[in-house]
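Asks: If you want the building blocks of each chain, they are given just below.
Protein chains: 2
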Amino acid sequence: MTIKKISGGVCAPKGFSAAGMHCGVRKNREKKDIAMIFCDVECSAAAVYTTNKVYGAPITVTRENLKNGRARAVICNSGNANTSNADGVEKARAMCKMTAEALGISKSDVIVASTGVIGLTLDLEPIEYGIKELSKSLSKEGGNDAAQAIMTTDTLVKEIAVEAVIGGKTVRIGAIAKGSGMIHPNMATMLSFITTDAAITPEMLHKALKSVVDKTYNMISVDGDTSTNDMVSVMASGLAENDLIDSEGDGFEAFKAALEEIGGYMAPMIAKDGEGATRLLICNVSGAPDLLCAKTVARGVIASSLVKAMFFGADANWGRLLCAMGYCGADFDLSKVSISMSSRAGSVQGVENGFCIPFSEEEAKKILLESEITIDISMDQGGADATAWGCDLTYDYVKINGDYRS
Amino acid sequence: MTIKKISGGVCAPKGFSAAGMHCGVRKNREKKDIAMIFCDVECSAAAVYTTNKVYGAPITVTRENLKNGRARAVICNSGNANTSNADGVEKARAMCKMTAEALGISKSDVIVASTGVIGLTLDLEPIEYGIKELSKSLSKEGGNDAAQAIMTTDTLVKEIAVEAVIGGKTVRIGAIAKGSGMIHPNMATMLSFITTDAAITPEMLHKALKSVVDKTYNMISVDGDTSTNDMVSVMASGLAENDLIDSEGDGFEAFKAALEEIGGYMAPMIAKDGEGATRLLICNVSGAPDLLCAKTVARGVIASSLVKAMFFGADANWGRLLCAMGYCGADFDLSKVSISMSSRAGSVQGVENGFCIPFSEEEAKKILLESEITIDISMDQGGADATAWGCDLTYDYVKINGDYRS
Numbered sequence: 001m002t003i004k005k006i007s008g009g010v011c012a013p014k015g016f017s018a019a020g021m022h023c024g025v026r027k028n029r030e031k032k033d034i035a036m037i038f039c040d041v042e043c044s045a046a047a048v049y050t051t052n053k054v055y056g057a058p059i060t061v062t063r064e065n066l067k068n069g070r071a072r073a074v075i076c077n078s079g080n081a082n083t084s085n086a087d088g089v090e091k092a093r094a095m096c097k098m099t100a101e102a103l104g105i106s107k108s109d110v111i112v113a114s115t116g117v118i119g120l121t122l123d124l125e126p127i128e129y130g131i132k133e134l135s136k137s138l139s140k141e142g143g144n145d146a147a148q149a150i151m152t153t154d155t156l157v158k159e160i161a162v163e164a165v166i167g168g169k170t171v172r173i174g175a176i177a178k179g180s181g182m183i184h185p186n187m188a189t190m191l192s193f194i195t196t197d198a199a200i201t202p203e204m205l206h207k208a209l210k211s212v213v214d215k216t217y218n219m220i221s222v223d224g225d226t227s228t229n230d231m232v233s234v235m236a237s238g239l240a241e242n243d244l245i246d247s248e249g250d251g252f253e254a255f256k257a258a259l260e261e262i263g264g265y266m267a268p269m270i271a272k273d274g275e276g277a278t279r280l281l282i283c284n285v286s287g288a289p290d291l292l293c294a295k296t297v298a299r300g301v302i303a304s305s306l307v308k309a310m311f312f313g314a315d316a317n318w319g320r321l322l323c324a325m326g327y328c329g330a331d332f333d334l335s336k337v338s339i340s341m342s343s344r345a346g347s348v349q350g351v352e353n354g355f356c357i358p359f360s361e362e363e364a365k366k367i368l369l370e371s372e373i374t375i376d377i378s379m380d381q382g383g384a385d386a387t388a389w390g391c392d393l394t395y396d397y398v399k400i401n402g403d404y405r406s
Numbered sequence: 001m002t003i004k005k006i007s008g009g010v011c012a013p014k015g016f017s018a019a020g021m022h023c024g025v026r027k028n029r030e031k032k033d034i035a036m037i038f039c040d041v042e043c044s045a046a047a048v049y050t051t052n053k054v055y056g057a058p059i060t061v062t063r064e065n066l067k068n069g070r071a072r073a074v075i076c077n078s079g080n081a082n083t084s085n086a087d088g089v090e091k092a093r094a095m096c097k098m099t100a101e102a103l104g105i106s107k108s109d110v111i112v113a114s115t116g117v118i119g120l121t122l123d124l125e126p127i128e129y130g131i132k133e134l135s136k137s138l139s140k141e142g143g144n145d146a147a148q149a150i151m152t153t154d155t156l157v158k159e160i161a162v163e164a165v166i167g168g169k170t171v172r173i174g175a176i177a178k179g180s181g182m183i184h185p186n187m188a189t190m191l192s193f194i195t196t197d198a199a200i201t202p203e204m205l206h207k208a209l210k211s212v213v214d215k216t217y218n219m220i221s222v223d224g225d226t227s228t229n230d231m232v233s234v235m236a237s238g239l240a241e242n243d244l245i246d247s248e249g250d251g252f253e254a255f256k257a258a259l260e261e262i263g264g265y266m267a268p269m270i271a272k273d274g275e276g277a278t279r280l281l282i283c284n285v286s287g288a289p290d291l292l293c294a295k296t297v298a299r300g301v302i303a304s305s306l307v308k309a310m311f312f313g314a315d316a317n318w319g320r321l322l323c324a325m326g327y328c329g330a331d332f333d334l335s336k337v338s339i340s341m342s343s344r345a346g347s348v349q350g351v352e353n354g355f356c357i358p359f360s361e362e363e364a365k366k367i368l369l370e371s372e373i374t375i376d377i378s379m380d381q382g383g384a385d386a387t388a389w390g391c392d393l394t395y396d397y398v399k400i401n402g403d404y405r406s
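Chain order of the listed sequences is R and S. Residue numbers for the first sequence follow my numbering, beginning at 1 and rising by one. Residue numbers for the second sequence follow my numbering, beginning at 1 and rising by one.
Among the hints, erroneous ones may be present.
One copy or two, it doesn't matter: identical chains are merged, so the pair holds either way.
[As the list claims (entries may be wrong)] Here are the simulated SDA-like cross-link-like pairs (lysine to any residue), alpha carbons at most 25 Å apart as the crow flies: (1) K399 x S360; (2) K31 x D333; (3) K256 x D396; (4) K53 x S338; (5) K207 x P268; (6) K399 x L369; (7) K365 x Y395; (8) K399 x A314; (9) K53 x L292; (10) K336 x E90; (11) K140 x M269; (12) K132 x I105.
These aren't lab readings, by the way, just hints derived from the structure by calculation.
Chain R with its partners taken away, still in its complex shape (with noise of 0.2 Å):
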């Protein structure tokens, strides 16, 4: 199957309208704080979210409303997280009411979300005033305006659209997101909103996004912290008129596979734009006994501190690979673990057997001081494979997170 790029962002499939702005949530006002993805019709629509027991108020309202596996639009606000606050819920559900009026749609219909510093009473004056507002300005070239406007401290706008062939009629895919801090595996640890105008039940809607979102999305770290606040969500409008996946098949692979196209540009754009980072990192385990295994020792190298260090350092530090493997939980026969490093620079093995080998340190430090390295870890003890994408961790890093609500 052919999954080409196209443009548009959440806006390239059928039926979808979208629009971003400053409301006010934030003080400055060159920084967009509100976000709104409209679709013409009613959607199939699911969503997965943080693992974290302290979820904040829009889960729990966003689960409420997707009960039904039906939704019309997302409302999200960055700048306040809307998070550990008394009156969250009461909040967020008034967010739905707003949007549910001001679109002439059922508030059950709406996906609400929001993202920023957890524990500030959310002042809603801004909120309505933006609703209102975003409700007029909703266009089919909105995409890149909702995708800055659920950015934190992102420095990279991120959206995507991908096309595809599913039984016949062309499918697009579209979807925005936001990642930079408080980003560890766990759904989703981000927020990104997902479109498309397939054909599809809630239910196949829903598993394709779990398999797509544990593939990708979930492979991220940034830092070890899972958020509060986070969810993947999609809207199916159906528009693109295929015959409805109502169950697995190719349809359902192909849907599947277009989804995992866009889990896989966002997760390293995610990665890369950490917070602080000056290195993507990607970590790929191949012939792990199991896929627990190989996805438990993808993330447990790409999380660790010490590795995430020296790559700033451009320091060829296996036994610190190793050391992370060795606690990541995972278990395997540490004397068949081969561990390579490689980028634009070249490529350079340091471990065999499970013990670390010479290198030339002069390759290694060409190879690491590259924006993007790959490490490499062959476990030859069968036939799994994983891949986890993180950064380096910065005085940047510290910095932002050292002062964030200033």
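On the provided structure of chain R, position chain S as indicated by the hints.
Replies: Positioned in the frame of chain R, the structure of chain S alone reads:
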């Protein structure tokens, strides 16, 4: 029971002498790199080890040697961890043989340890020279030299000794330790060698050690990285001539209390001296439903990168404390949780019934600018308590670990 601090470190208990010097494992001649502790008589001995699957060769060999619960000497080098090397076990055994020959004891009576860079071949030549010299310079005044010789990136020498009366006899316990980086609970993620002149069986010694380590050494986190090499060992000479502690009871409890004094001193010392640290963080959890929950929450909060960074910035971001509690894996009722922070400068509450509440930013700033800060988490849902020790995440942590090997 009165437990009194005394001088002398590991040499305070009857029967023990020690020495430390520069032998040449490290290039820098100013830095001592090999330590020896010796006992005039055979000791009951016990140790707890790292849980990292990738563990150092010295761990393998010490485990073998302590199987019979007996030891008379510790030999430890810094600068090279002798880990992930194909000839590591062979060399750790050679270190025991050299020590045994120099001291005229059995090689299975030696506790061997190494700390430093992983994956670097260990040169035995300086070690052999060092062992010979150390065996000639052992003295009752050598404890501080030994404490210096096991340091890596530590900035503070860590030694202590206490005495207590057990069954009418004065018993002494002494210890040295090193910490700094790769410090995260799960035995022991650092090295500490403890000596005592108590008369106690190897079994009861192990039991006391395990209990104390779980409450103290294992409740430290510097960076979430569990090291490959670390252990806490204890040797008991019996020269205090107390009634042999061979079962639970008053004598055992008194010994454990004195040993806990050692762990309770070393844990904050190690946390405070975490790589790059500027502040000691103490997290007290009270009223947890069970001990596992109390420990998981205390460790989870202290280990969060975002929490650690916020203390570097002296920023009272209560949401991050709640966030870390939420993803640490503990099961609890959020609605009963209150959180305060305190230091010499005062105390401030920021969370009540699981929600953030208004607080004085000015007061909080003053409190958080101190060098020792306590986070009090009151869970109000049971009788279990725990304390964990950590430190802030700073530019210097990144700097130290961005280029540790050079």
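Asks: Evaluate each hint against the coordinates.
Replies: Cross-check of the supplied hints:
no.: 1; hint: K399 x S360; in the structure: between (34 Å within a copy, 23 Å between copies)
no.: 2; hint: K31 x D333; in the structure: neither (50 Å within a copy, 37 Å between copies)
no.: 3; hint: K256 x D396; in the structure: neither (37 Å within a copy, 45 Å between copies)
no.: 4; hint: K53 x S338; in the structure: between (37 Å within a copy, 16 Å between copies)
no.: 5; hint: K207 x P268; in the structure: within (22 Å within a copy, 48 Å between copies)
no.: 6; hint: K399 x L369; in the structure: both (22 Å within a copy, 16 Å between copies)
no.: 7; hint: K365 x Y395; in the structure: both (20 Å within a copy, 22 Å between copies)
no.: 8; hint: K399 x A314; in the structure: both (20 Å within a copy, 12 Å between copies)
no.: 9; hint: K53 x L292; in the structure: both (22 Å within a copy, 16 Å between copies)
no.: 10; hint: K336 x E90; in the structure: between (55 Å within a copy, 20 Å between copies)
no.: 11; hint: K140 x M269; in the structure: within (24 Å within a copy, 60 Å between copies)
no.: 12; hint: K132 x I105; in the structure: within (14 Å within a copy, 85 Å between copies)
Hints 2 and 3, counting from the list given before, are not met by this structure.
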